[in-house]
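Protein chains in written order, with the numbering used here: chain A, 7 to 229; chain B, 670 to 879.
Hints are computed from structural coordinates only; laboratory data are not their basis. C-beta: ideal position from N, C-alpha, C; glycine also.
Short, incomplete list of chain B residues facing chain A, as computed with Cβ under 10 Å: (1) Gly723; (2) Leu724; (3) Arg749; (4) His755; (5) Ala758; (6) Ser772.
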Amino acid sequence: MWRLFKTIVLRDLLLALRRRTEILMTLFFFIVVISLFPLGIGTDRQVLVQIAPGVVWVAALLASMLVLERLFAADYLDGTLEQMLLTSQPLSIVVMAKVCAHWLLTGLPLVLISPLVALQYRLEDEQIVSMIWSLFLGTPALSMIGAIGAALTLGLRGGGMLLSLLVLPLYIPVLVYGAGAIAAGAVTNAPQQAYYMLLSAFTFLSMALAPWATSAVLRFSLE
Amino acid sequence: MIDDAVLQAKGLTCVRGDRRLFSGLSVCIESGGLLYLHGANGAGKTTLLRTLCGLFRPDEGQVSWNGKPVRASSEEFFSRLLYIGHQPAIKPELTPLENLRISCALDGLYPEAGLLWDILERAGLRGFEDLSAGNLSQGQKRRVNLARLFVNDALLWVLDEPFNALDADAVEILQTVIANHIAGRGIVILATHQEIPLPVDAVQCLRLGE
Numbered sequence: 007m008w009r010l011f012k013t014i015v016l017r018d019l020l021l022a023l024r025r026r027t028e029i030l031m032t033l034f035f036f037i038v039v040i041s042l043f044p045l046g047i048g049t050d051r052q053v054l055v056q057i058a059p060g061v062v063w064v065a066a067l068l069a070s071m072l073v074l075e076r077l078f079a080a081d082y083l084d085g086t087l088e089q090m091l092l093t094s095q096p097l098s099i100v101v102m103a104k105v106c107a108h109w110l111l112t113g114l115p116l117v118l119i120s121p122l123v124a125l126q127y128r129l130e131d132e133q134i135v136s137m138i139w140s141l142f143l144g145t146p147a148l149s150m151i152g153a154i155g156a157a158l159t160l161g162l163r164g165g166g167m168l169l170s171l172l173v174l175p176l177y178i179p180v181l182v183y184g185a186g187a188i189a190a191g192a193v194t195n196a197p198q199q200a201y202y203m204l205l206s207a208f209t210f211l212s213m214a215l216a217p218w219a220t221s222a223v224l225r226f227s228l229e
Numbered sequence: 670m671i672d673d674a675v676l677q678a679k680g681l682t683c684v685r686g687d688r689r690l691f692s693g694l695s696v697c698i699e700s701g702g703l704l705y706l707h708g709a710n711g712a713g714k715t716t717l718l719r720t721l722c723g724l725f726r727p728d729e730g731q732v733s734w735n736g737k738p739v740r741a742s743s744e745e746f747f748s749r750l751l752y753i754g755h756q757p758a759i760k761p762e763l764t765p766l767e768n769l770r771i772s773c774a775l776d777g778l779y780p781e782a783g784l785l786w787d788i789l790e791r792a793g794l795r796g797f798e799d800l801s802a803g804n805l806s807q808g809q810k811r812r813v814n815l816a817r818l819f820v821n822d823a824l825l826w827v828l829d830e831p832f833n834a835l836d837a838d839a840v841e842i843l844q845t846v847i848a849n850h851i852a853g854r855g856i857v858i859l860a861t862h863q864e865i866p867l868p869v870d871a872v873q874c875l876r877l878g879e
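Isolated chain B (complex conformation) (with noise of 0.2 Å):
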């Protein structure tokens, strides 16, 4: 259902700074495949996320979506692009549900209430649909992150340091998630500190700062 893609990046650097965080990575994902993204603090794994999103310019380099640029054909690559942030990307005074549907929004997707109901539920936050989301804890902000995932039609999910603040269980609704949409022929691109296991064939691993 979902036609093949690559995500190509060629010899990026990238200096913040003076401090050069890496210099000439290449990396290339298909659909079905997986990046894991490892690294010590600092050592620029939110920045390669963000270079790959298109959202930072890389000081050389180039990454290109089915081999056209990211930046240049911007509208086709963010149409098919999730990118979950390190920030929350939650309003404190917004409720789940409206937090919710405004990022759907901003995807080009517009749920039925009876549809949104159903994704917080699933992402375990039953009873806190239309809570103040100020009220709630780091983990159920992630959570109402997290329920995204669910209802998007995107093909490469970026996702930085998804696995933080959450408990056991939302833990491995995530990893089920995620291991659906690599079956899926998606792209998944995931930077971590934690060791999560993830049932996928086709995985890449890049440790960054070393």
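The following block holds chain A by itself, in its conformation from the complex (with noise of 0.2 Å):
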């Protein structure tokens, strides 16, 4: 089983390296969308470090959301799904390892790259930290709540925008804590914790329930 999830994640890395504009998208558009604040809203410090945190989260959905069709629809097009639908593991461990290399493929370089565009905002050090483990601990349920969309959404025509409307409402609930950990971490004592905890069980929650939901909704949509 273990075996079948390390397969699966070495591919989906494979893939990605001989095809490497999808990873290099969204991780542009990340920093793009970040950098084209500053410039409209002017230096003042004040300004910037208020609305750093939510452009910064902001700019990680939608950039979580740019790649997520294809999340299964190459596997859709040339029959690969199909036969993932056929083994006789659970398909929740194919999925879970799919996901998982989306999200090092889309979560992971966000989460490296955020100290460097956070520059732009003259946020203080504590306030990068916390930056990067909000979303750290918060990209991951991004990539698995988006997995239940892509597979709702996959073989339709037009899928990239219900998908958006799916899943963004669904995302609401860890922009506002990912958002609000930044922000706590500007004030001395706020009780970061409490939003990393409330992040950490949004993410373990979707982990758990995703895979499950996504597999049953694969079936159906393959049908």
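Join the two chains, each given in its own frame, into one complex according to the hints.
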């Protein structure tokens, strides 16, 4: 079971490595969106510090939406997904592996690049640390929830639009707690731990439920 | 070495859109049997195959494997099933070797690299093993797919148009593999619109759309 998981994760990473545009697209989108705000608003430090948490998290949400549609699409078109449904191992393992690979390719790069883009907002060190933590704890939930949406809109024409409408409202809790955690980083003795715990709780909940829900939806979508 | 098994379908009815593809279709195949599925384009061959695999829920009727409905006992059934569909299920970015290794992993098999090279050679892909599959021809991609037939331990093979895009050589290899599988008490269900003779005793023919 673990072996199949590993094989699928490695496969998806290898595929992405040979077709590099997708990872880079998410990353550049994230960087560009975040950079546009200081350019448009000006360099007033107080304003920038105030909007930074929201901007970073909204950019992360949109960036993770960008390639979500393709999570299952390629496998669906060439028939690999059909083979995955017919494996004697639980389908949720395959789904979990695909979502993990997706996070490693689209979530983790955002976490790693965030300190660099945060420089434009002149954030304090503590706030940068809390930004990294909140993105690290929250972005897996985005991939997990997104997978359900990607499975639901599989094979639909104009599925991308529908996907955003389905998934973005579900991202709201992550956005609220994620941005809250960064904002709390600016205040000394603020209850940051609570935000981290809520984010982790949300991520674990989505890890427990999303693979199972996604598998059920995939079986339905492929009929 | 393989236990006897039976795949049975009773009263299958499938409707796609407002077209009735087939209704009240019953079929029963036992170990050592071959089911030959004929029919014009759009007659419902692929739908029937997917229904038999449990991928598609029929509007009426039931498919059972050794007396148990396939959709209920899916893990047990899937471990005995090998389905090669219409689409190649080959990633153009990966080499035939990597493609084969992944399909094997999905079947729950992790053969050594040496064995995989061997199998690809038997499938007539010598010299193409580590070339990106995007550069292969249709027929060669098909061969990568069919290489799976050499390496699995499934009892029931469901093959959708396996002879498509294959040259005479490959057709001959495939005929032998299928005949061997049936001789070893396996079951093969085959959809095709070509007349390919297979040296098997227990052949059932089913013509759809008439």
